[in-house]
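**Student:** The lines below spell out each chain.
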Amino acid sequence: MMLSFLAKRSLDLLFVLFGVSVVVFLMIRLIPGDAVQIMLGANTEITPEGLAALREKLGLNKPIVVQYWDWLSAALRGDLGQSIWTGKPTSEEILQRLPITLELTILSLIIAIGLAIPVGVLTAYWRNSSAEYIIRFFSITGVTLPSFWLGTLLIFLVFKLAPGWQSLGYVPFNQDPWGHLSRLILPVVTLSLPMLAGLSRVLRSSLLDVLNQDYIRTARSKGLSERVVLYKHALRNAMIPLVTVIGIQVGYLFGGAIVVEQVFAIPGMGRLILGAINERNYPLIQGAILLVTMAFVLINLLVDLIYAKLDPRVEYA
Amino acid sequence: MTLAWQRTLWPLLRNPLGLLGLLLTLLVLLSALLAPLLAPYSPVEQNILARLSGPTSTHWLGTDQFGRDLLSRILFGFRNSLMVAFSSVFIAVFLGTLFGVSAAYVGGWYDRVVMRLMDVLLAFPIILLAIGIIAMLGPSQWNAALAIGIVYIPTFARLTRGPALVVRNTDYVQAAVAIGAGNRRIIWRHILPNLASVILVQTTLALSTAILVESSLAFLGLGTQPPNPSLGQMLSEGRAYLTISPWTSVFSGLAILVASLGFNLLGDTLRDTLDPRLRGH
Numbered sequence: 001m002m003l004s005f006l007a008k009r010s011l012d013l014l015f016v017l018f019g020v021s022v023v024v025f026l027m028i029r030l031i032p033g034d035a036v037q038i039m040l041g042a043n044t045e046i047t048p049e050g051l052a053a054l055r056e057k058l059g060l061n062k063p064i065v066v067q068y069w070d071w072l073s074a075a076l077r078g079d080l081g082q083s084i085w086t087g088k089p090t091s092e093e094i095l096q097r098l099p100i101t102l103e104l105t106i107l108s109l110i111i112a113i114g115l116a117i118p119v120g121v122l123t124a125y126w127r128n129s130s131a132e133y134i135i136r137f138f139s140i141t142g143v144t145l146p147s148f149w150l151g152t153l154l155i156f157l158v159f160k161l162a163p164g165w166q167s168l169g170y171v172p173f174n175q176d177p178w179g180h181l182s183r184l185i186l187p188v189v190t191l192s193l194p195m196l197a198g199l200s201r202v203l204r205s206s207l208l209d210v211l212n213q214d215y216i217r218t219a220r221s222k223g224l225s226e227r228v229v230l231y232k233h234a235l236r237n238a239m240i241p242l243v244t245v246i247g248i249q250v251g252y253l254f255g256g257a258i259v260v261e262q263v264f265a266i267p268g269m270g271r272l273i274l275g276a277i278n279e280r281n282y283p284l285i286q287g288a289i290l291l292v293t294m295a296f297v298l299i300n301l302l303v304d305l306i307y308a309k310l311d312p313r314v315e316y317a
Numbered sequence: 001m002t003l004a005w006q007r008t009l010w011p012l013l014r015n016p017l018g019l020l021g022l023l024l025t026l027l028v029l030l031s032a033l034l035a036p037l038l039a040p041y042s043p044v045e046q047n048i049l050a051r052l053s054g055p056t057s058t059h060w061l062g063t064d065q066f067g068r069d070l071l072s073r074i075l076f077g078f079r080n081s082l083m084v085a086f087s088s089v090f091i092a093v094f095l096g097t098l099f100g101v102s103a104a105y106v107g108g109w110y111d112r113v114v115m116r117l118m119d120v121l122l123a124f125p126i127i128l129l130a131i132g133i134i135a136m137l138g139p140s141q142w143n144a145a146l147a148i149g150i151v152y153i154p155t156f157a158r159l160t161r162g163p164a165l166v167v168r169n170t171d172y173v174q175a176a177v178a179i180g181a182g183n184r185r186i187i188w189r190h191i192l193p194n195l196a197s198v199i200l201v202q203t204t205l206a207l208s209t210a211i212l213v214e215s216s217l218a219f220l221g222l223g224t225q226p227p228n229p230s231l232g233q234m235l236s237e238g239r240a241y242l243t244i245s246p247w248t249s250v251f252s253g254l255a256i257l258v259a260s261l262g263f264n265l266l267g268d269t270l271r272d273t274l275d276p277r278l279r280g281h
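Line by line, the protein sequences are chains A and B. Counting along the first sequence from 1, when you hit position 95 you're at 95 in this note's numbering, and nothing is skipped either side. Counting along the second sequence from 1, when you hit position 197 you're at 197 in this note's numbering, and nothing is skipped either side.
Hints are computed from structural coordinates only; laboratory data are not their basis. Treat each hint with caution, since some may be false.
Claimed, not checked - Straight-line C-alpha distance at most 20 angstroms; calculated DMTMM-like pairs for lysine to aspartate or glutamate: (1) A:Lys57 / A:Asp79; (2) A:Lys88 / A:Glu279; (3) A:Lys8 / B:Asp111; (4) A:Lys62 / A:Asp79; (5) A:Lys57 / A:Glu279; (6) A:Lys8 / B:Asp119.
Claimed, not checked - One side only, chain A facing chain B, incomplete, derived with CB under 7 angstroms: (7) Arg136; (8) Ile248; (9) Gly251; (10) Gly255; (11) Gln262.
The C-beta atom is built at its ideal place from N, Cα and C for all residues, glycine as well.
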């Protein structure tokens, strides 16, 4: 049964990945006006020879289906084209930046989930009319807090309270481990806070649902301690909706990282993409979007599998 | 109609968070609408002698690096944010509902193709897709609105397809078909009114996130272009002078929070009052 579930999900996945690749491929073709002229005009003089050369290089004079096939088969071999300015392979530039963004997002994800569980549990046991409003107010505020504002305020606070602390920029871990980690603290706080607010609210609400179920009453009336009831019986079931929300949130986290990198001057994917937009380096933008989205789709598949594992009631259909 | 209003408005006013959301939303809406009347100065008028000042009696929220009055810029910034947010959500609601309802109504291969396309759009992280679209069209306020609108189309398509499918198969719609009601009449008279409350709730929440996404894009330099005042871009410019005069960044960010929070509190409370099935704790 698990196998047919996997097969069906993989088929859906292939379709979505195909669709994503078509959308990303079409992006460059849907640019209003002459894409080649725009690209070339960003920082060199436009000459007919230059135009023809770039058009030839990008394969833009072939039929569109052939163009798509060439592009896709190259992408599948790991060849995402070359930067039209530096001539360096796009995939090389992306692979330099991707680990930085991944470290930021994964650390934030771990911190957000790690804190959301205790916060969700504690707030689930705090129940009266004013608690409802206070918790709701703070979780909604957390979700709507603009990350670039929060990050900016944190930078300002650090500047005032601990002027010696370097809060901006990036140093590789192997050069200066402490400098690397200390520069990550503020970005991770900034990126994880909205997610923490959202996740703990979901956990609280699903925990409240579960705690009202008959089998919890049975467990309590058997004389089990509240701790056992919570950890062995309630939390496991309450985590199921949380897993779904985590899958959705990973996408927000990627998007949030682009903004947070800009706030803290971290040279990750966000900076790479923004730089590419400024110099009209479309192949690089395409490659970056394609790679990040594929990663996101695969993470969602992983979440689905964890979900099915966690909840035996999920039909593999 | 009056009964529907009473059922919607009363629970909203009696809930402290709903009331707060309503007040914040009204504050932001009125500021945006009346910005030309309320603003004490022109939002683009420079006054080099009074640059980077903190809050004073002449400039209530202080001034920026060109000596432009911050309060006036924030009022016009609200106007800008809301114009982008409302137009993007309009695009998303209109096209999303069109796709969702038509998929449910027509069914068959059309349904499958449309919903698969929605899956593909949903596969992209939201900000990344918006950035990609703007990268192609060029950074501007209206391209940001278009990009945010496209990004949220699948949300509304998925939201409306399910309930539309349920209503389409109810006995009274079947009866309407049987007495010869046309497709247009069935969709307008029977299906859409049943979707009104889910659409209203999601529209309010989408306005909240659209304000955030718009200001993020403006912060990245991909939205409204200078010298027009936009909250995200003001915050970004203010960061260069953060250690001398943090006011520009502090107040423009606070303004974004107030606008987004207002719509979110309103939508969250509306969801509880209008749609008990979606109720959260």
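**Student:** Would you mind marking each hint as holding or not holding in the structure?
**Tutor:** Hint check:
Taking the CA atoms of A:Lys57 and A:Asp79, the gap is about 14 angstroms. The hint holds against a cut of 20 angstroms. At most 20 angstroms may separate the alpha-carbon atoms for a hinted pair to count; A:Lys88 and A:Glu279 meet this at roughly 15 angstroms. About 19 angstroms separates the Cα atoms of A:Lys8 and B:Asp111, which keeps this hinted pair within 20 angstroms; it holds. Note on A:Lys62 and A:Asp79: the hinted pairing holds, with a Cα-Cα distance of about 19 angstroms set against a maximum of 20 angstroms.
Restraint check for A:Lys57 and A:Glu279: the C-alpha separation of about 18 angstroms stays at or below 20 angstroms, so the hint holds. This hinted pair checks out: A:Lys8 and B:Asp119 have alpha carbons roughly 15 angstroms apart, not beyond 20 angstroms. At about 6 angstroms, the closest approach between the beta carbon of A:Arg136 and any beta carbon in chain B falls short of 7 angstroms, and the interface hint on this residue holds. A hinted interface residue such as A:Ile248 counts as satisfied when its beta carbon comes closer than 7 angstroms to some beta carbon of chain B; here the least separation is about 10 angstroms, so the hint is violated.
Annotation: interface hint on A:Gly251 holds; nearest CB of chain B at approximately 4 angstroms, less than 7 angstroms. Checking A:Gly255 against chain B by beta carbon gives a least distance of about 3 angstroms; that is within 7 angstroms, so the hint holds. Annotation: A:Gln262 was flagged as interfacial toward chain B, and the flag holds, the nearest CB pair being 6 angstroms apart, inside 7 angstroms.
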